[in-house]
Amino acid sequence: MGNHFNRLTGRAAAIARSADLDHLWGEAERGNDHRATLDFMRETDTSPVDLVTRRYPAICILKPFNTCPQICAYCQPNWEIDQVMDPCALADTQQLNQALDWIADHPSIQEVLITGEDPLGMTDDLLRPILQRLAAIPHVGVVRLGTRVPATLPMRLTPAFSSMLGSFRVPGRREICLVTHLQHPYEITPDLVDAVERIRRQGIGVYNQLVFNFYVSRRFEGARLRLLLRRVGIDPYYTFVPKGKEETVAYRVPLARILQERREEARLLPGLCRTDEPVFNLPALGKNHIRAIQDRDSIGIHSDGSRIYEFHPWEKNILDRGSYVGRDVPLLEYLQRLAGIGEDPSEYAGIWYYY
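Residue numbers (the working numbering): 44 to 398.
Rather than coming from a laboratory, the hints here were simulated on the basis of the structure.
It cannot be assumed that every hint is accurate.
What the hints assert, rightly or not - What follows is a set of in silico ranges between Cβ atoms, one per label pair, in the way DEER data are often shown:
1) Thr136 to Arg261: 22 to 30 Å
2) Ala392 to Tyr229: 45 to 53 Å
3) Ala335 to Pro181: 19 to 27 Å
4) Pro181 to Asp387: 53 to 61 Å
5) Ala382 to Ser151: 34 to 42 Å
6) Arg380 to Leu169: 53 to 61 Å
7) Ala293 to Ala335: 49 to 57 Å
8) Gln141 to Val292: 34 to 42 Å
The beta carbon of each residue, even a glycine, is placed where N, CA and C say it ideally should be.
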């Protein structure tokens with residue numbers, strides 16, 4: 044026990060002396076490649092071929108279109124975007140064929156997430172051939188489309204598009220899903236409700252990924268959103284911690300607040316409204332489940348009061364993979380920011396007891 048304690052405290056002291064705790068990978072490891080430096084999540088390390096990211100054994104990401112109607116500061120691959128709806132965003136045919144061939148050649152891939160930026164920025168005629176190619180691969184049983192369009196351009200989900208998407212669903216053989224990104228109850232508009240209903244009538248499930256940032260972290264805002272999502276027919280899927288990139292500083296929330304929200308607010312909801320799982324997506328390692336205390340260690344407290352965590356890889360006990368160490372948002376600073384927008388910090392007093 045003593046040796047373990049000394050190892051942790053010694054490591055915490057070394058980390059506390061680091062000039063930049065959120066970038067412990069080091070510039071030397073990245074080299075002088077400016078593009079690699081921008082790739083905070085190190086997607087290139089898990090890209091076996093252009094347009095494909097594979098971080099887990101049975102699923103891969105396909106990125107045929109790298110722009111979006113809205114570029115969010117906390118978006119994982121926003122570093123790849125030149126401008127909103129860039130006319131040169133579509134991947135060339137050779138790249139796309141190579142990526143689809145790679146998926147066809149790897150039978151362990153059971154699920155494909157078409158994202159990158161927003162694939163629904165493509166026309167039906169551009170998207171249809173990609174879906175046709177995936178549908179012809181026997182081992183691909185689930186195709187997901189990641190999109191912010193229900194919030195930004197709900198009129199894009201036309202009856203023709205919905206029908207086209209539904210035509211690739213084969214019960215018992217292939218499932219088609221839409222994974223969207225709604226942040227706030229204000230985004231649940233009549234147009235969105237109609238668009239989601241058109242999709243669901245095709246037998247297509249719709250799921251939501253919430254980025255739990257500062258501006259939606261106030262008491263019961265997440266709970267209110269989940270209630271509305273279920274009424275619309277959208278299943279809460281993931282609640283993401285904003286990543287530790289420099290441009291996300293204003294959006295970040297302490298892990299303690301996410302744990303508090305799950306225990307003190309989300310638990311008051313009916314079960315089908317709190318099906319989302321809070322996760323922290325870590326550079327090169329993938330998702331770390333926040334509610335699973337065994338997936339991280341609290342190894343120190345910085346001089347500004349922020350907690351220092353060591354996050355373990357999902358392959359822990361299976362493969363020899365390094366962990367990720369980072370400094371969290373100081374709790375006092377977070378509470379002071381809440382007070383600055385009119386919240387009563389005393390209503391969040393329990394936050395100090397969550398790790």
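The hints, checked one at a time:
At about 47 Å, the CB distance of Thr136 to Arg261 disagrees with the hint of 22 to 30 Å. Judged by the Cβ atoms, the range 45 to 53 Å given for Ala392 and Tyr229 is violated: they are separated by roughly 28 Å. In this structure the hint that Ala335 and Pro181 lie 19 to 27 Å apart at CB is violated, the actual value being about 34 Å. In this structure, Pro181 and Asp387 meet the distance hint of 53 to 61 Å, their C-beta atoms being roughly 57 Å apart.
The given range of 34 to 42 Å is broken by Ala382 and Ser151, whose C-beta atoms sit roughly 51 Å from each other. Between Arg380 and Leu169 the beta carbon distance is about 43 Å. The supplied range of 53 to 61 Å is therefore violated. For the hinted restraint 49 to 57 Å between Ala293 and Ala335, the CB-CB distance of approximately 28 Å leaves it violated. At about 38 Å, the beta-carbon gap between Gln141 and Val292 stays in the expected band of 34 to 42 Å.
Of the numbered hints given earlier, the model fails hints 1, 2, 3, 5, 6, 7; all others are met.
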